Amino acid sequence: MSKTDQGVVADIETAESSMAESSVMESGVTESSVTEAAPVEPKSGAGRGSQGSKGAAAGNRAEDPQRIDTMFLWNRLKRTDPKATKPFTRSGGFRGTQIDPTWRFQMMTEVFGPIGKGWGYEQVDWTIAERMIFICARVWYLDPETREKCFTGPQWGGTEMVRRRNGMEMPDDECFKMSMTDAVGKCLLQIGLAADVYMGQFDDSKYREESEAFYAAKSNPDLQPAAVEAFEAEVKRRLGICLDLDDLEEVWRSGVGTRLREIGAVDRAAQHRITGLFAQKKAEILKREEEDGREAA
3 MSKTDQGVVA DIETAESSMA ESSVMESGVT ESSVTEAAPV EPKSGAGRGS
53 QGSKGAAAGN RAEDPQRIDT MFLWNRLKRT DPKATKPFTR SGGFRGTQID
103 PTWRFQMMTE VFGPIGKGWG YEQVDWTIAE RMIFICARVW YLDPETREKC
153 FTGPQWGGTE MVRRRNGMEM PDDECFKMSM TDAVGKCLLQ IGLAADVYMG
203 QFDDSKYREE SEAFYAAKSN PDLQPAAVEA FEAEVKRRLG ICLDLDDLEE
253 VWRSGVGTRL REIGAVDRAA QHRITGLFAQ KKAEILKREE EDGREAA
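Residue numbers (the working numbering): 3 to 299.
Everything labelled a hint here was simulated from the structure, so no lab data went into it.
If you're wondering where the values come from, they're calculated on a predicted model, not measured in any experiment.
It is possible that some hints are incorrect.
[What the hints assert, rightly or not] Here are the computed lysine to aspartate or glutamate pairs in the DMTMM-like style, where the Cα-Cα straight-line distance is at most 25 angstroms:
#1 K220 <-> E236
#2 K188 <-> D145
#3 K220 <-> D205
#4 K151 <-> E124
#5 K188 <-> D83
#6 K188 <-> E162
#7 K179 <-> E112
#8 K151 <-> D127
#9 K179 <-> E124
#10 K151 <-> D71
#11 K188 <-> E176
#12 K289 <-> E234
#13 K220 <-> D71
#14 K85 <-> E112
#15 K85 <-> E212
#16 K289 <-> E236
#17 K85 <-> D206
#18 K220 <-> E231
#19 K119 <-> D71
#20 K289 <-> E252
#21 K151 <-> E112
#22 K188 <-> E214
#23 K119 <-> D184
Could you put together the complete structure from these sequences and hints?
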């Protein structure tokens with residue numbers, strides 16, 4: 003094998019190895035779970051409820067229930083955009099991270115559709131006690147796959163009815179709205195929205211840097227689903243006319259490797275697919291060269 007051949011083979015094998023390692027996500031979720039930016043297509047075979055060898059041997063046993071990815075929504079919603087957060091300190095020295103309610107609405111709209119169509123919330127109860135307004139609410143949403151209407155458990159949110167400014171108390175006309183916002187935010191946490199904040203991951207500076215990179219890539223026009231799909235189609239076209247490893251290397255060196263790293267930040271499934279195209283083409287070329295060598299001998 004020539005030096006050039008060895009170079010492209012090494013590059014593609016390195017990319018394949020890095021793709022495999024990156025499939026184990028920071029929270030310990032394996033590649034069988036959904037990625038953070040895009041849903042994973044249902045797996046065929048045993049992964050989607052077909053019987054394995056044990057089930058087949060059982061004969062007239064009832065079929066095993068379908069295995070579903072129960073972490074799908076959680077993994078899709080858990081990562082918080084650092085730009086949508088800010089630290090706060092309450093009396094008594096309590097510190098935490100405040101999440102922009104509008105960002106929460108944006109994320110729910112991105113995953114389920116417009117409010118009122120794909121998801122929404124409703125008031126269940128309310129009460130006033132100790133000069134505070136409490137509102138109980140629950141969130142509903144349509145399952146992205148089955149379109150079944152689902153509900154979170156109810157949650158209470160509370161806000162003081164008065165504001166204190168310069169030693170004076172004044173009625174707070176925002177207290178009802180803030181109580182509802184508080185309740186809805188707690189409901190959305192039940193399906194994973196901004197879970198990383200509540201789990202303390204935002205206290206890790208490295209994790210915050212990863213989140214910043216993730217959302218920066220997500221906002222890049224070249225990394226939107228339509229752009230990634232067009233890029234994948236172009237790679238397929240160019241690989242289709244490759245005749246040898248030199249041609250394969252030319253395609254890889256034309257910026258594909260860099261683009262794949264960017265795509266991997268938002269859509270690891272697409273990153274794996276495109277890398278797989280190179281691996282498949284490499285195997286075809288090597289097999290053909292081996293067969294040609296045997297014929298020449």
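Here is how each hint holds up against the structure:
Restraint check for K220 and E236: satisfied, since their Cα atoms lie roughly 21 angstroms apart, inside the 25 angstroms limit. For a cut-off of 25 angstroms, the pair hint linking K188 to D145 stands: about 19 angstroms separates their Cα positions. Distance check on the hinted pair: K220 and D205 sit about 22 angstroms apart at the alpha-carbon level, within 25 angstroms; holds. With a CA separation close to 14 angstroms, the supplied pair K151 and E124 stays within the 25 angstroms bound.
For the hint pairing K188 with D83, the CA-to-CA distance comes to about 18 angstroms; that is within 25 angstroms, so the pair holds. For the hint pairing K188 with E162, the CA-to-CA distance comes to about 18 angstroms; that is within 25 angstroms, so the pair holds. Straight-line distance between C-alpha atoms of K179 and E112 comes to about 23 angstroms, which keeps the hinted pair within the 25 angstroms bound. Restraint check: the Cα-Cα separation between K151 and D127 comes to about 21 angstroms, which is no more than 25 angstroms; the hinted pair holds.
With a CA separation close to 13 angstroms, the supplied pair K179 and E124 stays within the 25 angstroms bound. For a cut-off of 25 angstroms, the pair hint linking K151 to D71 stands: about 18 angstroms separates their Cα positions. Our distance criterion of 25 angstroms between C-alpha atoms is met by K188 and E176, whose separation comes to about 18 angstroms. Using a Cα cut-off of 25 angstroms, the hinted pair K289 and E234 holds, with the two alpha carbons roughly 24 angstroms apart.
Restraint check: the Cα-Cα separation between K220 and D71 comes to about 23 angstroms, which is no more than 25 angstroms; the hinted pair holds. A threshold of 25 angstroms between alpha carbons decides the hint, and for K85 with E112 the separation of about 17 angstroms falls inside it, so the pair holds. A threshold of 25 angstroms between alpha carbons decides the hint, and for K85 with E212 the separation of about 13 angstroms falls inside it, so the pair holds. Between the alpha carbons of K289 and E236 the distance comes to roughly 24 angstroms, so the proposed pair stays at or under 25 angstroms and holds.
Proposed proximity of K85 and D206 is supported: the alpha carbons are some 16 angstroms apart, at most 25 angstroms. Among the hinted pairs, K220 with E231 is consistent with the structure: their alpha-carbon atoms are about 15 angstroms apart, no more than 25 angstroms. With a C-alpha separation of about 24 angstroms, the suggested pair K119 and D71 falls inside the 25 angstroms cut-off, and the hint holds. Straight-line distance between C-alpha atoms of K289 and E252 comes to about 20 angstroms, which keeps the hinted pair within the 25 angstroms bound.
Only pairs whose Cα atoms come within 25 angstroms are accepted, and K151 paired with E112 is accepted, the gap being roughly 17 angstroms. Between K188 and E214 the CA atoms are separated by roughly 24 angstroms; this keeps the pair inside 25 angstroms, and the hint holds. Distance restraint check for K119 and D184: the Cα-Cα separation of roughly 22 angstroms lies within the 25 angstroms cut-off, and the hinted pair is therefore satisfied.
Comparing the model with each earlier hint shows no violations; every hint is respected.
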